[in-house]
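> Quick mapping for you: the protein sequence lines, in order, are chains A and B.
Sequence positions in the first sequence follow my numbering and run -11 to 337.
Sequence positions in the second sequence follow my numbering and run 77 to 431.
Calculated directly from the structure, the hints in this document are not laboratory data.
Remember, it's a predicted structure, so these values are computed and weren't measured experimentally.
A few of these clues could be false.
Claimed, not checked - Only pairs whose alpha carbons sit at most 30 Å apart, straight line, appear in this in silico DSS-like list of lysine-lysine: (1) Lys258(A) x Lys147(A); (2) Lys87(B) x Lys327(A); (3) Lys183(A) x Lys249(A); (4) Lys263(A) x Lys249(A); (5) Lys87(B) x Lys230(B); (6) Lys258(A) x Lys1(A); (7) Lys431(B) x Lys346(B); (8) Lys249(A) x Lys147(A); (9) Lys133(A) x Lys287(B); (10) Lys312(B) x Lys230(B); (11) Lys273(A) x Lys258(A); (12) Lys327(A) x Lys167(B); (13) Lys327(A) x Lys286(A); (14) Lys327(A) x Lys78(B); (15) Lys145(A) x Lys133(A); (16) Lys327(A) x Lys88(B); (17) Lys287(B) x Lys183(A); (18) Lys273(A) x Lys263(A).
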Amino acid sequence: MSSTAVPPAPPKKVNRIGLEVADYRGARTTLCAGCGHNAISERIIESFYEMGVPPHRVAKLSGIGCSSKSPAYFMGTAFGFNAVHGRMPSIATGAVLANRDLVAIGVSGDGDTASIGIGQFVHLMRRNLPMIYIIEDNGVYGLTKGQFSATADIGSKLKTGVINDLPPIDTCALAIQLGATYVGRSFSGDKHQLKALLQGAIAHRGTVMLDVISPCVTFNDHEGSTKSYSYVKDHEEPLGDVSFVPFFQDIEVEYEPGATKEITLFDGSKVLLHKLPADYDPADKCDALRVLTEAHDKNEVVTGLFYVNTEQEDFITMLDLVDEPLATLPESRVRPPRKVLDELMESYR
Amino acid sequence: MKRHRLDPETKKATFAIVQAEDELAAIGMALGAGWAGARSMTSTSGPGISLMSEFVGLGYYAEIPAVIFDVQRVGPSTGLPTRTAQGDVLKNAFLSHGDTRHLMLFPSSVEECFSMAIEAFDLAEEFQTPVFVMTDLDLGMNNWMADPFEYPTKPMARGKVLSAEDLNRLGGFGRYTDVDGDGIGYRTLPGTHHRAAGYFTRGSGHNARAKYSERPEDYVQNMERLSRKLETARTKVLAPEFQEGKESDFGILGYGTSHWAIVEARDQLKQEYGLETDYCRVRGFPFNPSVLDFIRNHSRVYVVDQNRDAQMYSLLRLEVDDDCVGKLRRVRHFNGLPIDARSVTDSIVSLEGVK
Ligand SMILES: Cc1ncc(C[n+]2csc(CCOP(=O)(O)OP(=O)(O)O)c2C)c(N)n1
Ligand code: SF4
Ligand SMILES: [Mg+2]
Chain A
-11 MSSTAVPPAP
-1 PKKVNRIGLE
9 VADYRGARTT
19 LCAGCGHNAI
29 SERIIESFYE
39 MGVPPHRVAK
49 LSGIGCSSKS
59 PAYFMGTAFG
69 FNAVHGRMPS
79 IATGAVLANR
89 DLVAIGVSGD
99 GDTASIGIGQ
109 FVHLMRRNLP
119 MIYIIEDNGV
129 YGLTKGQFSA
139 TADIGSKLKT
149 GVINDLPPID
159 TCALAIQLGA
169 TYVGRSFSGD
179 KHQLKALLQG
189 AIAHRGTVML
199 DVISPCVTFN
209 DHEGSTKSYS
219 YVKDHEEPLG
229 DVSFVPFFQD
239 IEVEYEPGAT
249 KEITLFDGSK
259 VLLHKLPADY
269 DPADKCDALR
279 VLTEAHDKNE
289 VVTGLFYVNT
299 EQEDFITMLD
309 LVDEPLATLP
319 ESRVRPPRKV
329 LDELMESYR
Chain B
77 MKRHRLDPET
87 KKATFAIVQA
97 EDELAAIGMA
107 LGAGWAGARS
117 MTSTSGPGIS
127 LMSEFVGLGY
137 YAEIPAVIFD
147 VQRVGPSTGL
157 PTRTAQGDVL
167 KNAFLSHGDT
177 RHLMLFPSSV
187 EECFSMAIEA
197 FDLAEEFQTP
207 VFVMTDLDLG
217 MNNWMADPFE
227 YPTKPMARGK
237 VLSAEDLNRL
247 GGFGRYTDVD
257 GDGIGYRTLP
267 GTHHRAAGYF
277 TRGSGHNARA
287 KYSERPEDYV
297 QNMERLSRKL
307 ETARTKVLAP
317 EFQEGKESDF
327 GILGYGTSHW
337 AIVEARDQLK
347 QEYGLETDYC
357 RVRGFPFNPS
367 VLDFIRNHSR
377 VYVVDQNRDA
387 QMYSLLRLEV
397 DDDCVGKLRR
407 VRHFNGLPID
417 ARSVTDSIVS
427 LEGVK
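Same shape as in the complex, but just chain B (with noise of 0.2 Å):
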């Protein structure tokens, strides 16, 4: 940062780190930072994902902007803490307490770790809520290649912000008022130079106007609007990719660097055994609607997971339609080291049956 954002006449930083004293802090900055306009993130694992906690519920509630990752290893506790595992997707898709759901993406590669970061911080300012990126240690710390990264194309969406001249043209706002249909409000930042700028951003219960409110009315309008505001994220998260076996028997779906071994997995399972796969990598939460497409499709999907409880098949079992919820499987690995296309295939055999 030092050599690439001092401001070039002046020497002054454009940007400000600080080490928090912990993890509660961390999130605290960047969401303060958030809320008053500037893009801002911070990185942890487990133990600090648990702290963050409360504050996240926060950032989802009163609608903050941030970006958080979460370099995944493995619990729980202090667990094996230079082991890599996928085991934080569950907890983070709903962090804290109350009716919670959050943004996720999930990167499979070095090259996505960059990528998706800046799409994270789109996505943050774009639906005003904590969106985490969740790597794990194995991308995280060990050594990987990558390509040369690419320079982004898109400008960066700040979201829907109000400016004092907007507010002169509107007369007012209402901060959690759902003008657009899609869930998202209009927020402005302290600062702006407007009677009508101010207003009051509270964890407790709140009105469509941003003012303390235990009404019931207004609490569920509020909490479904929020809804609303995932269900548009559907389609705005990156979309699954997909690679198709030829008349394939079932599909594998899977996320995060369990891709290198999926795709070496199907190579085995066509050479070694005859079985055609089709792939779905899922790469956002919420899940786009291909996704549950993709499962719709299949007769089965082999759901592959770092960590035992099958996280991500759990959370497909909240999503896909009730006639489909057995056609899901699971495949898991989680003993620390990072997964291999044989563990894959040799649970996929297994599990068909196949000799």
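Extracted from the complex, chain A is given alone in its bound form (with noise of 0.2 Å):
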């Protein structure tokens, strides 16, 4: 035994299955620096961390766009895939249902999502499908130099003085009317409201849809964009306060009933919903698209969590598929017998 005393080193900060948050971390980031999509990763990573997601169970699945890239630089040791613009919404389906286990979280553009591929993105929502999808949405293809996506807003202008004059898509409302069952805005820049939303993401099973506003520092932060930090700060108008706990944590919530909602997910976490407008039901689509159709009209940038749908059945449940994953059953369970086969043809002499 050595004589020389080593002080112990301190205990390592670790989760409930044994991981430290530096196993949550990806790539280095080659994001410009204050991009909104850098805060988000900051926060996926801190919310599977607490969360105690196992990283190899991950599938982190995107588009094109800066947004796209940023799986890339959040939980290294798990599975991503870049698929093509706008197409992410087929690729994180085919990969959900080969394999039920995994757990699905989509990083997407608003160009990625509401311009080219608005059309993946509906389905998606129809089929509620157990996953994560998140905007990283800053009004612009910031990848492509800062042309308009289909989320910028009527007025707002581009450092070259464009001005868009359509209409912006709603993707929380389209995501709600459609079949969503987790629906929340937030803002790169709030970090309690984002984490408490993307826990709950986790903790819900079903179809969860989180439009985050990330400003885009190099072509749309400045004075006349509506996706500026200074504008989302100044316009931004919470519907109530976020919070969540986890199944795993033994504490007890003090609240004052009546101002809060609470929430119980799928795995037995809980989102608690306080200071919500008076009689606002966050099970109700009909409260939720009025708030965020008052929401445009006063040029406010409503945020929280809007819509949750516990009830609803998830696609894997709806095709009713085997408890094990579709792609780890052996040939024998998925090759009929050589009597099948037999007792077919004969049916069709």
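Hints given; two lone chains; assemble the complex.
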């Protein structure tokens, strides 16, 4: 035994499955310093770490764009898939159906979703596929130097002076109307709210759609832009406060009855919605759509968790798939015996 | 499927069928599932093939298995949507932008649609790439007689997939590293419980370890390896079938549903004109070396195509040695109706200058 006493290293901080936060990091970002997308990656890292999701079970999916590059910058040991522009939903659908144990997180941009990708987006929402779909929404095509996307607000101005004169697509309203079951909007600069929404997203089963306003500092952060840091800070109107209590944390949360709505999610975790407007019911689509429409009329950026439906069947349940991932079924379970083929052939005689 | 693919105990499905909103999504779902390790397929015809083009290029470059049945019909555009053709041969060989090249199988009968489907799933996973089964509207929609299908005798070939135990032994892996010299790398499936299992799949430039790369050497090496992979495929896709005449004058080369017309035309040529012929029925692409030998070993070869632009003929011209190009002759039938023996016979007789 050595006689020189080595001071014990301070215990490493680990999550409930024994991993450090470093295990949830990815490659160094190549996005611009100050890009909102980087802050969202940070919140994703924290949320998956704190929830103790095993990285090897995570499928990170994206389309094309600066936002779609970001899955390379979190959870480096997870499985990543950069699809083609606007078509990540179909890749996600195939992957999740092939392996129902995957925790699928899709990261898209407003161009990738609302411009080229709107077709696959709406059909993904209809199917309530269990996955988390995040739009990193800056109102422009960042990667291709800042043209307007379909979420740009009327009257918003490009650096070149070009003014957008078409109405924006509200991806949250669309998602709610079409069948997504956990829908919210946040801001890359709002650490607390975004993390609570993301942790709730992990705890939910069904399609999660989060539109996160994420300013593009290079092409859309100037005076006259409605997706700049300062515009969103000035016009953000949170629909109450969101907090999250994971299922594995044994804490009683004190709150004023009546003023807080508690929603128990699939894994037993809870989201708490405080200070919602009077009579707002997060299980009521109409309430959500009214709030979103009114916010547009008032030029407000409403954020928060708008709609949660914990009852709706997800796509895997609807297809009644076996419990094991289809991809892992051995040949004996997927190739019917000779007798079946022979009988089938007989029936055609 | 509901009758034969429910789990006997739980009665739950061991399959998933999705009616996709369009062909962009259909091929995306097939690739997503193939990436995640399930066997997957989609079927379509010309307009759908055009829509799938971008994703098929991703499947080639990111190396993801999927099977695509193309029930070819008459194009271009909507064309004659209820009529038959072999109009997608050249297109599918190179579908998508950039340098691409795809595996194709050409069934001639209902039985082969079944046996080649099995073959296509094996090839897709062995070569980690999209595979086309090139049927046509005549075969896909008209009534045909068939013998009972034969039950598969081979186990499924699932290709080079590393498990967590493999990774423990190896310590790690490079997704696009050519370990075996056949151009085919090893892959892991999402969900594999090992720190070294995860990798990033992308349609942008990547190096042998699946990292993003724009380095010229990485790009060239990767593209050369993909070429090698397709070279390996030459002897793995189905070899052609041959029929020989007695001291024959020349060769006929055909594929798909032209087969039956060619068989009959050979009889007509012999009986009516005394012309003996050899016959090569191509069953796969990239071409097996014996296809090219067939051309080399004949003074002239009539290539039978059901399209205006002699697409198989053109594809062969790209592949044969320069001194063989002149041996190829075009026999085309493209009026939307299934090809008949008489039109093959008449074309050959007139090209031969026989009276
Ligand atoms: C089919 C196709 N069309 C166009 C492009 C070019 N392109 C690349 S990224 C992009 C827009 C990305 O915008 P967004 O999704 O908002 O991402 P951001 O860069 O703003 O994060 C476009 C048009 C492409 N890659 N593929
Ligand atoms: S161009 Fe804009 S969106 Fe792209 S990385 Fe830079 S700041 Fe972010
Ligand atoms: Mg954008």
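> For every hint, state whether the structure bears it out.
Outcome of the hint check:
1. Lys258(A) x Lys147(A): violated, 43 Å
2. Lys87(B) x Lys327(A): Distance ~19 Å between Lys87(B) and Lys327(A) Cα, so the pair holds.
3. Lys183(A) x Lys249(A): It holds: about 18 Å lies between the C-alpha atoms, which stays within 30 Å.
4. Lys263(A) x Lys249(A): holds, 9 Å
5. Lys87(B) x Lys230(B): holds, 27 Å
6. Lys258(A) x Lys1(A): holds, 24 Å
7. Lys431(B) x Lys346(B): Between Lys431(B) and Lys346(B) the Cα gap is close to 14 Å, so the pair holds against 30 Å.
8. Lys249(A) x Lys147(A): violated, 42 Å
9. Lys133(A) x Lys287(B): Cα-Cα ~25 Å, so holds.
10. Lys312(B) x Lys230(B): Roughly 15 Å between the alpha carbons, so the hint for Lys312(B) and Lys230(B) holds.
11. Lys273(A) x Lys258(A): holds, 20 Å
12. Lys327(A) x Lys167(B): violated, 40 Å
13. Lys327(A) x Lys286(A): violated, 68 Å
14. Lys327(A) x Lys78(B): Answer holds: Lys327(A) to Lys78(B) is near 16 Å, not above 30 Å.
15. Lys145(A) x Lys133(A): holds, 14 Å
16. Lys327(A) x Lys88(B): Between Lys327(A) and Lys88(B) the Cα gap is close to 21 Å, so the pair holds against 30 Å.
17. Lys287(B) x Lys183(A): holds, 29 Å
18. Lys273(A) x Lys263(A): With a Cα-Cα distance of about 19 Å, the restraint between Lys273(A) and Lys263(A) holds, given a limit of 30 Å.
In this structure, the earlier hints numbered 1, 8, 12 and 13 are contradicted, and the remaining ones agree with it.
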